[in-house]
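Engineer: Starting from the known structure of chain A, arrange chains B, C, D, E and F on it as the hints suggest.
There are 6 protein chains.
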Amino acid sequence: MIKTKFASETSNTMTELVLPNDTNTLGNLMGGRLMHWMDIAAAISAMRHCNMPVVTASVDNVSFARPIKLGDILSIESKVTRSFNSSMEVYLKVWAENLHEQTRYLSNEAYLTFVALNESGKPTIVPELIPETIDEKEKFAGALRRRQLRLILGGKMKIDEAVELKALFIKD
Amino acid sequence: MIKTKFASETSNTMTELVLPNDTNTLGNLMGGRLMHWMDIAAAISAMRHCNMPVVTASVDNVSFARPIKLGDILSIESKVTRSFNSSMEVYLKVWAENLHEQTRYLSNEAYLTFVALNESGKPTIVPELIPETIDEKEKFAGALRRRQLRLILGGKMKIDEAVELKALFIKD
Amino acid sequence: MIKTKFASETSNTMTELVLPNDTNTLGNLMGGRLMHWMDIAAAISAMRHCNMPVVTASVDNVSFARPIKLGDILSIESKVTRSFNSSMEVYLKVWAENLHEQTRYLSNEAYLTFVALNESGKPTIVPELIPETIDEKEKFAGALRRRQLRLILGGKMKIDEAVELKALFIKD
Amino acid sequence: MIKTKFASETSNTMTELVLPNDTNTLGNLMGGRLMHWMDIAAAISAMRHCNMPVVTASVDNVSFARPIKLGDILSIESKVTRSFNSSMEVYLKVWAENLHEQTRYLSNEAYLTFVALNESGKPTIVPELIPETIDEKEKFAGALRRRQLRLILGGKMKIDEAVELKALFIKD
Amino acid sequence: MIKTKFASETSNTMTELVLPNDTNTLGNLMGGRLMHWMDIAAAISAMRHCNMPVVTASVDNVSFARPIKLGDILSIESKVTRSFNSSMEVYLKVWAENLHEQTRYLSNEAYLTFVALNESGKPTIVPELIPETIDEKEKFAGALRRRQLRLILGGKMKIDEAVELKALFIKD
Amino acid sequence: MIKTKFASETSNTMTELVLPNDTNTLGNLMGGRLMHWMDIAAAISAMRHCNMPVVTASVDNVSFARPIKLGDILSIESKVTRSFNSSMEVYLKVWAENLHEQTRYLSNEAYLTFVALNESGKPTIVPELIPETIDEKEKFAGALRRRQLRLILGGKMKIDEAVELKALFIKD
Numbered sequence: 141m142i143k144t145k146f147a148s149e150t151s152n153t154m155t156e157l158v159l160p161n162d163t164n165t166l167g168n169l170m171g172g173r174l175m176h177w178m179d180i181a182a183a184i185s186a187m188r189h190c191n192m193p194v195v196t197a198s199v200d201n202v203s204f205a206r207p208i209k210l211g212d213i214l215s216i217e218s219k220v221t222r223s224f225n226s227s228m229e230v231y232l233k234v235w236a237e238n239l240h241e242q243t244r245y246l247s248n249e250a251y252l253t254f255v256a257l258n259e260s261g262k263p264t265i266v267p268e269l270i271p272e273t274i275d276e277k278e279k280f281a282g283a284l285r286r287r288q289l290r291l292i293l294g295g296k297m298k299i300d301e302a303v304e305l306k307a308l309f310i311k312d
Numbered sequence: 141m142i143k144t145k146f147a148s149e150t151s152n153t154m155t156e157l158v159l160p161n162d163t164n165t166l167g168n169l170m171g172g173r174l175m176h177w178m179d180i181a182a183a184i185s186a187m188r189h190c191n192m193p194v195v196t197a198s199v200d201n202v203s204f205a206r207p208i209k210l211g212d213i214l215s216i217e218s219k220v221t222r223s224f225n226s227s228m229e230v231y232l233k234v235w236a237e238n239l240h241e242q243t244r245y246l247s248n249e250a251y252l253t254f255v256a257l258n259e260s261g262k263p264t265i266v267p268e269l270i271p272e273t274i275d276e277k278e279k280f281a282g283a284l285r286r287r288q289l290r291l292i293l294g295g296k297m298k299i300d301e302a303v304e305l306k307a308l309f310i311k312d
Numbered sequence: 141m142i143k144t145k146f147a148s149e150t151s152n153t154m155t156e157l158v159l160p161n162d163t164n165t166l167g168n169l170m171g172g173r174l175m176h177w178m179d180i181a182a183a184i185s186a187m188r189h190c191n192m193p194v195v196t197a198s199v200d201n202v203s204f205a206r207p208i209k210l211g212d213i214l215s216i217e218s219k220v221t222r223s224f225n226s227s228m229e230v231y232l233k234v235w236a237e238n239l240h241e242q243t244r245y246l247s248n249e250a251y252l253t254f255v256a257l258n259e260s261g262k263p264t265i266v267p268e269l270i271p272e273t274i275d276e277k278e279k280f281a282g283a284l285r286r287r288q289l290r291l292i293l294g295g296k297m298k299i300d301e302a303v304e305l306k307a308l309f310i311k312d
Numbered sequence: 141m142i143k144t145k146f147a148s149e150t151s152n153t154m155t156e157l158v159l160p161n162d163t164n165t166l167g168n169l170m171g172g173r174l175m176h177w178m179d180i181a182a183a184i185s186a187m188r189h190c191n192m193p194v195v196t197a198s199v200d201n202v203s204f205a206r207p208i209k210l211g212d213i214l215s216i217e218s219k220v221t222r223s224f225n226s227s228m229e230v231y232l233k234v235w236a237e238n239l240h241e242q243t244r245y246l247s248n249e250a251y252l253t254f255v256a257l258n259e260s261g262k263p264t265i266v267p268e269l270i271p272e273t274i275d276e277k278e279k280f281a282g283a284l285r286r287r288q289l290r291l292i293l294g295g296k297m298k299i300d301e302a303v304e305l306k307a308l309f310i311k312d
Numbered sequence: 141m142i143k144t145k146f147a148s149e150t151s152n153t154m155t156e157l158v159l160p161n162d163t164n165t166l167g168n169l170m171g172g173r174l175m176h177w178m179d180i181a182a183a184i185s186a187m188r189h190c191n192m193p194v195v196t197a198s199v200d201n202v203s204f205a206r207p208i209k210l211g212d213i214l215s216i217e218s219k220v221t222r223s224f225n226s227s228m229e230v231y232l233k234v235w236a237e238n239l240h241e242q243t244r245y246l247s248n249e250a251y252l253t254f255v256a257l258n259e260s261g262k263p264t265i266v267p268e269l270i271p272e273t274i275d276e277k278e279k280f281a282g283a284l285r286r287r288q289l290r291l292i293l294g295g296k297m298k299i300d301e302a303v304e305l306k307a308l309f310i311k312d
Numbered sequence: 141m142i143k144t145k146f147a148s149e150t151s152n153t154m155t156e157l158v159l160p161n162d163t164n165t166l167g168n169l170m171g172g173r174l175m176h177w178m179d180i181a182a183a184i185s186a187m188r189h190c191n192m193p194v195v196t197a198s199v200d201n202v203s204f205a206r207p208i209k210l211g212d213i214l215s216i217e218s219k220v221t222r223s224f225n226s227s228m229e230v231y232l233k234v235w236a237e238n239l240h241e242q243t244r245y246l247s248n249e250a251y252l253t254f255v256a257l258n259e260s261g262k263p264t265i266v267p268e269l270i271p272e273t274i275d276e277k278e279k280f281a282g283a284l285r286r287r288q289l290r291l292i293l294g295g296k297m298k299i300d301e302a303v304e305l306k307a308l309f310i311k312d
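Protein chains in written order, with the numbering used here: chain A, 141 to 312; chain B, 141 to 312; chain C, 141 to 312; chain D, 141 to 312; chain E, 141 to 312; chain F, 141 to 312.
The following block holds chain A by itself, in its conformation from the complex (with noise of 0.2 Å):
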């Protein structure tokens, strides 16, 4: 098994055309068919990562800024930021376009985190990440914090063992 992989080689661009049944009556865009989007735009870059299947095992915050309408292109770009044992973080950007009144924004960013299944469904060891951008060291970093923040949400940490998030709460 490869042991190791660059941040580079999880890349992954996806484009959707927002279509009638993906709008509500007022012809936006709804913000589950974005997450359900996102969610196999994200698994792709966890599959490229570790080459075997994968589940979803979180979504952090997201927040819509703008409402997308119909006829707009939405690309989803996304990379690994770091893994863990069996688990996998996410980064994704989600830009909007408007190709008629050309404009283009980012409409949100999220993290996602994925664990690596086996043939019998097991969570299995997954290679490494090598981040090496400055950007992608940023991220990898700030992964331990994310994820201190998901385990004490989630209930399964308690405040004083996250020594990482409370750098953030003291300086970002």
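Read the hints as simulated data drawn from the structure, not as lab findings. Since this is a predicted model, take the numbers as computed values, not measurements. Check the hints yourself; a few may be wrong.
With the C-beta cut set under 10 Å, the calculated list includes, among others, these residues of chain C facing chain B [said to hold, decoys possible]:
1) Thr155
2) Glu156
3) Leu157
4) Ala181
5) Ile216
6) Lys233
7) Glu237
8) Leu239
The beta carbon of each residue, even a glycine, is placed where N, CA and C say it ideally should be.
Structural biologist: Below, chains B, C, D, E and F alone, put in the same frame as chain A:
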């Protein structure tokens, strides 16, 4: 317009059967498909509160404990916890049930927020929510802290301003 | 195996939001899409009764009173009324709601029957259903007449044999 | 407007291939999915008759004989049997075919009724239907009895008024 | 195994109603959606010929004359034109109909080829096709030229070897 | 309006995961489903060029080499090659990847053409395309020959008028 609503008036139950196209190659429900259903279920509760179209503003951290399988039945129970001017926070619980093995367990919980829109698509004031039961009152009180965490995570509030959230970090 | 079940144990509520692809060019929910949902909702009640996979055996006359519109919310309430060897009759009510106009009405009612299948796909005996409320007892009693009507309409019973059905024609 | 139409002018054939998402965990076509297709097929025959949009008014008793499997091919043959002011009764036959095993059998038959709507969504008078073959004439004649049965089952007609239906109970 | 089949035995008609999710923001049927239906329709004709599962091998040039609108009805008529060892060429015609405006026109024609697969997924010999009508005989003869054009366009045949195709360039 | 665009400005990558409903009974991606995705991917490139809605005008010969399996990942890379008044030719490559087996290969290539439409649905002039790289320049030059082949195959041009196409038959 109705000035206030009881939390119980916004309660909704949605049931879904997991079909082939909702699953990955291991026969597990994809996380994004579940988020799609959670978004629709929660939006119905928000619409029961404000009687207007709504858009998803944010989804708080969601974690998925166990894989949900093809043929399982999901029950999504949702209720508005608190309203803030034009936005509403909805709490939901997802129950997964395997009728063949006669098992039923709490798959996950989540908080989503929605914004009410008027006919020209602008955010519009919504009724005040009145909690009645002990559980409704606790979730009503906690909504302030969760809102601060969302604002901090979204980069829209500084740590020092998050008075209620600090209380969470001192004593949950 | 469980020998008996109460009607109340088979109760189920399914909520659906009418989306663009569910509607025709007039923006009305297509009847066939509603029947698709009714079938899934009723199958869930039948599976709650027998804890086995089921197949639809028949759908009794269904009529649709008023058009249901894009953006409306449907609540389908279902419950098993009676079991016969390997088959179960399910009664359901479809409520249509327009949250904007704050209207809610009974769109239609229906009876569907399902057959329980074992792992090799053969019809299998199901628990006996115990009705408790007055309404459950009336539907339990009426199930015989409805079954005779189905058999006559399906060409599997002669009029003279349909003792209970005749009672319907004399006094409803 | 055209005053009359021949039954043969309303004839339609729709073919569908049973795909994974149309089936349950046993690989059988779900009854509700079939009803969805039956509704669209029958609506096309009704639209061929009236050249206007239509809505489903009712579906008569449908029973499903044998399970239809993943990969099977369905042929739905439909034809209008009679018109009544703004409504049309459509008869359809569903043939299921397994091309690998080279089997083909009549899966089920059904009668659906539709109402024609004008541009403001109001019921509108439709052409008179002219039956030509013996089979078309028999179905044309039987349409009255079936209509009475629908009205009785829908609680809109008393038994005593259903003159033609009584004939069915005396001699089919 | 059956050694030969008549072209007429492979004939198939598929009807589809254009629904919202099949259309772009102008309310026109998307070309790719139509090609999806064409592929399924043609595959059914190929399966009628060989009574085995098939995979699409190629699609010849397709052009779309006029936009097809939401609510229109498509009829896809397909028939096998010739078989070659394990492959079959299917010809299809797409008719678009607007029942409200009472217009019907030939939207497009196409040739698709399919390969028959046995149970281990390997290409398998198929029956010989016997053309009977003048039109079937012409399409049978033309199949050689179209096959050469496909091979040349796919880079698998040199121009000089395409004897029948040259005839096309001299006299069609 | 923008008068010219570089080919590189129209470049697009779309990634899709093959799900159960995209496959046939052998677990292979259906050709028509792939063509549906190819059409959307190419349309996005065309819209990037003209910033207007587009309709598919034609699809050139497409052939499928190897079956693509359930769970595989498709990357569709597309770019406009040349524009002609109101139409644009788009070239695309489909890469199929099996992340588990760590294989990736070129599944197929295709040329599609689109017509730009203004707000009243009429064909509208589009910017001129400027090729920059050697590959872009070759495809730009070849676009004339491919256009002549399309016109001949569509019966809209005589062989003698296809000057550039003849060159293809003499030396590619």
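Engineer: All hints are to be evaluated individually against the structure, with a verdict given for each.
Structural biologist: These are the hints, each one checked on the structure:
1. Thr155: 4 Å, holds
2. Glu156: Since chain B brings a Cβ to about 8 Å from C/Glu156, closer than 10 Å, the hint holds.
3. Leu157: Since the shortest Cβ distance to chain B is 6 Å, the answer is holds.
4. Ala181: At 7 Å from the nearest chain B Cβ, C/Ala181 passes the 10 Å test, so the hint holds.
5. Ile216: 9 Å, holds
6. Lys233: This interface hint is violated because 15 Å lies over the 10 Å limit.
7. Glu237: Result: holds, 9 Å to nearest chain B Cβ.
8. Leu239: 4 Å, holds
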